[in-house]
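The lines below spell out each chain.
2 protein chains.
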Amino acid sequence: MATDIGTRLRSVRMVHNLSQRELARRAGVTNATISLIESNKMNPSVGALKRVLDGIPMALAEFFALEMPTRQKAFYAADELTEVGKGSISFRQVGGDLSDRRLQIMVERYAPGADTGRILLRHDGEEGGIVTRGRLEVTIGDQKRILGPGEAYYFDSRQPHRFRNPGNEPCEVVSACTPPTF
Amino acid sequence: MATDIGTRLRSVRMVHNLSQRELARRAGVTNATISLIESNKMNPSVGALKRVLDGIPMALAEFFALEMPTRQKAFYAADELTEVGKGSISFRQVGGDLSDRRLQIMVERYAPGADTGRILLRHDGEEGGIVTRGRLEVTIGDQKRILGPGEAYYFDSRQPHRFRNPGNEPCEVVSACTPPTF
DNA sequence: TTCTGTTGTTAATTATCCTGAACATTTTAC
DNA sequence: GTAAAATGTTCAGGATAATTAACAACAGAA
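Line by line, the protein sequences give chains A and B.
Under my numbering, read the first sequence as residues 22 to 203, first letter to last.
Under my numbering, read the second sequence as residues 22 to 203, first letter to last.
Among the hints, a few may not be true.
All copies of an identical chain are treated as equivalent in the list; a pair is satisfied when it fits inside any one copy or across any two copies.
Using 20 angstroms as the maximum straight-line C-alpha spacing, the simulated SDA-like pairs for lysine to any residue come out as follows [what the hints assert, rightly or not]:
| id | residue 1 | residue 2 |
| --- | --- | --- |
| 1 | K62 | P187 |
| 2 | K165 | V50 |
| 3 | K71 | T51 |
| 4 | K165 | T28 |
| 5 | K71 | E83 |
| 6 | K62 | D177 |
| 7 | K71 | A86 |
| 8 | K62 | E83 |
| 9 | K62 | A82 |
| 10 | K62 | E129 |
| 11 | K71 | D177 |
| 12 | K165 | L39 |
| 13 | K71 | E190 |
| 14 | K71 | G49 |
To be clear, the hints were calculated from the coordinates, so they are not data collected in a lab.
Note that this is a predicted model, so its numbers are computed, not measured.
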């Protein structure tokens, strides 16, 4: 899986918010090529892969140097949140197992259309959050989901990721990350 | 030239002291493939290139991350050495222009068959030397030469390089490098 | 709904890679 | 010296990549 070109390309493309056709247009190849590469149904030439990556843009060295973390459970349904605490104060905890997790909790607010940008965020640590209001589009590696109130995410920050508010009402997220950003 | 696969491959192969056929055998491809790739007469598939590099062995990421310094004058004939000093003490200086060159002079002695090994040496700085006795095979990037007494070399140490005594008599070299090794 | 546009995938044709077997040179051994 | 082995290169063929054009699934707007 370390040299799984298809998965790598799909992951990179998704994080940059490009469709197969859009990337193909920028790269000067056809969408079928992108599709076949991503599904590992063909073995692209170095030149073709370079052209594709130029459409990102990304260098070959960077592409092959990408670490591909093992996919982990990244999304939780609203009713999958573990209920912690009780009485007048109630916590709903994302991810049942907190062993080897150290988090700093935060509250984030995304204006309509707000976006962390096409550049892929990657840093050490882990992060997670719960959407409390509005909708949030979360991209993690090759997975992309639009989350609504009560839904949550949790992932290893070394995976390339991106956040965007696709709706036209503000979005509020209770999020957390480790180690403290900045 | 930054993505000149042929030159990169040839350079790597030479430094590892492999013939096209020997590398082809290890990689499970034909020597024609190696030849065509190195002369940039074809655009290899990623899979094929990976197989070839496995025969080195070298990872794709490392291969594409290799910096390709601009080729510089690397070899000097015996009579190209600049005569410095005079009288009872005489220096023969490699490379006429010493501006932005800082060197530490050393004397090296290679027993018959001695070899710095197949691993590619690369480090910051520059190095040069003069063969005073015997013969020395010097590989610098994609250039390989066997030097005899009076002949010399000088190059940027970031280029992959290797030294070997191919003869059966001892070889003595007056060499120099910067910054001091160790 | 129905339409329009976009998504990713798949089949058939064209273009290209990769091989297998030759070739000319050079190196090494005798 | 010649012979034999090893080097890198080139050419015709079968294998494979990349294109073109179609397909089905889905989303959003009228």
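Status of the hints after comparison with the structure:
no.: 1; hint: K62 / P187; verdict: neither (33 angstroms within a copy, 48 angstroms between copies)
no.: 2; hint: K165 / V50; verdict: neither (24 angstroms within a copy, 40 angstroms between copies)
no.: 3; hint: K71 / T51; verdict: within (14 angstroms within a copy, 24 angstroms between copies)
no.: 4; hint: K165 / T28; verdict: within (14 angstroms within a copy, 40 angstroms between copies)
no.: 5; hint: K71 / E83; verdict: both (11 angstroms within a copy, 16 angstroms between copies)
no.: 6; hint: K62 / D177; verdict: neither (29 angstroms within a copy, 43 angstroms between copies)
no.: 7; hint: K71 / A86; verdict: both (14 angstroms within a copy, 14 angstroms between copies)
no.: 8; hint: K62 / E83; verdict: neither (23 angstroms within a copy, 25 angstroms between copies)
no.: 9; hint: K62 / A82; verdict: neither (23 angstroms within a copy, 22 angstroms between copies)
no.: 10; hint: K62 / E129; verdict: neither (41 angstroms within a copy, 54 angstroms between copies)
no.: 11; hint: K71 / D177; verdict: neither (28 angstroms within a copy, 29 angstroms between copies)
no.: 12; hint: K165 / L39; verdict: within (12 angstroms within a copy, 46 angstroms between copies)
no.: 13; hint: K71 / E190; verdict: neither (40 angstroms within a copy, 49 angstroms between copies)
no.: 14; hint: K71 / G49; verdict: within (11 angstroms within a copy, 24 angstroms between copies)
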